[in-house]
Amino acid sequence: MSKRLLRMLTMQLHRMLAMVMIGVLGHISAAPLNGAVNHPLNGWYPCREFTFLNGVSSSGQGEDAECAIYTAPFCYPGICEVSEFAEPTADIFAKRIPATAGDTKTAHNVWLLQGGPGYSFTAIWSDMVELRTKLGGAVNVYTMDYRGTGRSTLFDCVAAQITTTGSTWGRAIDPSEVPTSAKDLRMKYGDLASFSTTSAATDISTFISSFRMVRALLSME
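Mature numbering (1 follows the signal peptide of the UniProt record, and there is no 0) puts the sequence shown at residues -30 to -1, 1 to 191.
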């Protein structure tokens, strides 16, 4: 499949999403190389394409996807400093749907990410399935929940109970609740730059480099 065709199809999907980052990765699969990976990957386990079905039975959905937890440093050098009471690592939830045409180990790897960061990838899962279909099943499609969202280490004011349904604005945060929430988060995590956009982007680049996935970015213009 030509790069020109890949570009055209990707641009079509880009119009459907508020913000998407797509990386077309090289031919090497995301398998650890002889134990050389510093940050382990717990996976890949068979899982269903659509994780949350709003109460609808999942019996009709096949286990065509694979899920994993990537253990990333809580703070990256130059971005933040780990406090003495924070966990040294963060869990990053990742999901992929393997190629159905050809060998998954030699297929291109495509990353499709939710806008933000600030949201989990659940809103774009159907777009992942559509992308693989439009590319003839010839690619492996990857995504992950940014740190702080979804099934990754969650950025949540648990002690202050700010985002509970019984709080002032439910799961949203009222401006008057910000000081309390900020204090709670600083007490739990210390340096909040650990949940910055830079930290989330570094999770992706570190994941790719840790598992020797050679990346070639596809222009979105």
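Any given hint might turn out to be false.
[To be verified] Cβ-Cβ distance ranges computed for the label pairs, FRET-style:
no.: 1; residue 1: M157; residue 2: G72; range: 38 to 44 Å
no.: 2; residue 1: K104; residue 2: P10; range: 46 to 52 Å
no.: 3; residue 1: T70; residue 2: I49; range: 33 to 39 Å
no.: 4; residue 1: A163; residue 2: I143; range: 18 to 24 Å
no.: 5; residue 1: T74; residue 2: E54; range: 20 to 26 Å
Source of the hints: derived by calculation from the structure; they are not laboratory data. We treat Cβ as the ideally placed atom computed from N, Cα and C, and that holds for glycine.
- [ ] If any of the earlier hints don't hold here, list their numbers in rising order.
- [x] 1, 2, 5
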